[in-house]
Amino acid sequence: MPAELLIRGGLVHDGTGARPRRADVVVDDGVIVEVTSRAGHAEAARVIDAGGLAVSPGFIDVHTHSDVSVLLDGRAESKIHQGVTTEVTGNCGFSPFPLVGDVLEDQLDLLAGLGHDPVTPTWTDLDGYAVAVEAHGVAVNVAPLVGHGQLRIAALGMAEKASAGGIAAMRRLLADQLEQGAFGMSTGLTYVPSRYAGWAELSELCSVLAAHDALYATHARADVFPAVEEAASLGGATGARIQYSHVALNEPASWGNAGRLLEAFEAARRSGIDICCDVYPYDASASALTQYLPAWVQEGGVPAMRRRLADPVVSRRAEEELAGGWGPGGRIPWLWERVVIARGTPAEASVPAPDGATIEEAAAAAGMPPARYVLELCREGGNSVQVVLFYRTEEDVRTFLRCEFALMGSDGSAVPFDQRGARPHPRGFGAHARLLGRYTRELGDLDLSTAVRKMTGAVADRIGLPDRGVLAPGKAADIVVFDPATVTDRATFLDPCRPPSGIHHVVVNGEVVIDAGVQTGARPGKVLRSA
Numbered sequence: 001m002p003a004e005l006l007i008r009g010g011l012v013h014d015g016t017g018a019r020p021r022r023a024d025v026v027v028d029d030g031v032i033v034e035v036t037s038r039a040g041h042a043e044a045a046r047v048i049d050a051g052g053l054a055v056s057p058g059f060i061d062v063h064t065h066s067d068v069s070v071l072l073d074g075r076a077e078s079k080i081h082q083g084v085t086t087e088v089t090g091n092c093g094f095s096p097f098p099l100v101g102d103v104l105e106d107q108l109d110l111l112a113g114l115g116h117d118p119v120t121p122t123w124t125d126l127d128g129y130a131v132a133v134e135a136h137g138v139a140v141n142v143a144p145l146v147g148h149g150q151l152r153i154a155a156l157g158m159a160e161k162a163s164a165g166g167i168a169a170m171r172r173l174l175a176d177q178l179e180q181g182a183f184g185m186s187t188g189l190t191y192v193p194s195r196y197a198g199w200a201e202l203s204e205l206c207s208v209l210a211a212h213d214a215l216y217a218t219h220a221r222a223d224v225f226p227a228v229e230e231a232a233s234l235g236g237a238t239g240a241r242i243q244y245s246h247v248a249l250n251e252p253a254s255w256g257n258a259g260r261l262l263e264a265f266e267a268a269r270r271s272g273i274d275i276c277c278d279v280y281p282y283d284a285s286a287s288a289l290t291q292y293l294p295a296w297v298q299e300g301g302v303p304a305m306r307r308r309l310a311d312p313v314v315s316r317r318a319e320e321e322l323a324g325g326w327g328p329g330g331r332i333p334w335l336w337e338r339v340v341i342a343r344g345t346p347a348e349a350s351v352p353a354p355d356g357a358t359i360e361e362a363a364a365a366a367g368m369p370p371a372r373y374v375l376e377l378c379r380e381g382g383n384s385v386q387v388v389l390f391y392r393t394e395e396d397v398r399t400f401l402r403c404e405f406a407l408m409g410s411d412g413s414a415v416p417f418d419q420r421g422a423r424p425h426p427r428g429f430g431a432h433a434r435l436l437g438r439y440t441r442e443l444g445d446l447d448l449s450t451a452v453r454k455m456t457g458a459v460a461d462r463i464g465l466p467d468r469g470v471l472a473p474g475k476a477a478d479i480v481v482f483d484p485a486t487v488t489d490r491a492t493f494l495d496p497c498r499p500p501s502g503i504h505h506v507v508v509n510g511e512v513v514i515d516a517g518v519q520t521g522a523r524p525g526k527v528l529r530s531a
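In terms of the UniProt record's numbering, the sequence shown opens at residue 1 and continues consecutively.
Note that these hints are calculated values from the structure, not bench results.
Possibly wrong hints are sitting among the right ones.
[As the list claims (entries may be wrong)] Here are the simulated distance ranges between beta carbons: (1) G474 x G517: 26 to 34 Å; (2) L494 x G517: 29 to 37 Å; (3) F493 x A253: 46 to 54 Å; (4) P118 x R171: 23 to 31 Å; (5) D283 x A211: 36 to 44 Å; (6) P346 x G367: 37 to 45 Å; (7) E394 x A304: 22 to 30 Å; (8) P346 x V47: 46 to 54 Å.
As the structure is a prediction and not an experimental result, all values here were calculated from the model.
By construction, the Cβ of each residue, glycine as well, lies at the ideal position given by its N, Cα and C atoms.
All chains should be modelled from the sequences, with the hints used to inform the complete structure.
And the structure:
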């Protein structure tokens, strides 16, 4: 009986980093059954001619925020068109579980920080979330982490100090989600309430992760050199595997020091600590605007923030502090012309926030000083207001990308190309193609097999996906066929919602989802579970 799918004659980059070889890939029942160089291989029900093209494992995005977006639109257009077949979700302390009824409003408010339309949960835990995602249908696989922010709200509400009982409750909740198949836990240590966690609290939770051989992925604190030390010390004390999320230098005074920062990672690794990092290939970041407010303004979450800002005296104090800068001690100066609104306030809001405008431009149009304008945006829009900050250098980005233990993670979401006028960061639409095009083919920072490994086999090894990330018999048939001579991103900061070029075919769990560059409508994705 012929196989279901034969990808014939491509140059196979198998995801291990080995030299490519010309071979056929045979797929049956969702699994790779053969990768062979024998000429004249048997026919199949469907044959894809990959002559002149590269064939690789499907890309695994190690850092995404698609937790809610896959429920809003399961096509996952922005990612599947790049060749991404698996999204690692639950990053930066955000996840859609575990949910607890009496603090559900605060938990949903935390999820608003992802910048997507709200959903009404029909679940409370990973098991229920998986049922909802698979019932909806999704084009990509989802590999979830547990968000520390949700654990903390579930156990402690919005309290700043963690009691012994609260930490014990978080440990129980975390263990339960890991036993349901979560791949690890993430923190968002610049976001409320994750930012309240001290070393002792984090070490208690990392001990649970170590006992389950699960990953600790940290969106670290803003003071980057001490932040790496904190992350490494948690790994050293508990044995947890550490993934330092979206490594970057955002402070102008630190630009050009990527090599020195990587030396801190290397020192930890030499001492036996299992620490890696991930990076996305852009010199700009994006996040909820609220995280840049003074810490005391954010305390207690959005409802408490709104009450504070309604007090004229308190609001003036907040404005004065915010105007002085952001980050640790407010020492990073605001460059308002480098802060762009990606998603503004609701249409009925009294303060206009035009998508694509800089804070400098929008504040001038509203007749306000920039710091006052930012406070008004946050008061009206809460965590849903998203901004892009141009606070990085390409030199540092390239240094991080070349690092042997740095993986590729977009920090983006799987969303439709039609974003209804919003202007999100282009990373969600082009990061993987940009690595292959600009930084591999054009600039030569990586060879193609190494670039592929950063997006496939190395990520599968890191997250714990033994059946994915490599083209070999017995592995799940997640496959990308692309043209190494033309693949590149087309999404820009001015026009971000554009698919890349050069991605010809994408296969997820044995089903063709992108066929000659066109999405088929198939939704064969699954919510994956840790072994």
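Each hint, compared with the structure:
The hint said 26 to 34 Å for the Cβ distance between G474 and G517, and at roughly 29 Å that hint holds. Range check, L494 to G517: Cβ separation about 23 Å, and the 29 to 37 Å hint is violated. For F493 and A253, the hinted distance range of 46 to 54 Å is not satisfied, since their beta carbons lie about 24 Å from each other. Between P118 and R171 the C-beta distance comes to about 29 Å, which sits within the given range of 23 to 31 Å.
Distance hint check: the CB atoms of D283 and A211 are about 39 Å apart, consistent with the given range 36 to 44 Å. At about 20 Å, the CB distance of P346 to G367 disagrees with the hint of 37 to 45 Å. The hinted window of 22 to 30 Å between E394 and A304 is violated, with their beta carbons roughly 39 Å apart. In this structure, P346 and V47 meet the distance hint of 46 to 54 Å, their C-beta atoms being roughly 50 Å apart.
Of the numbered hints stated above, those contradicted by the structure are hints 2, 3, 6 and 7, listed in ascending order.
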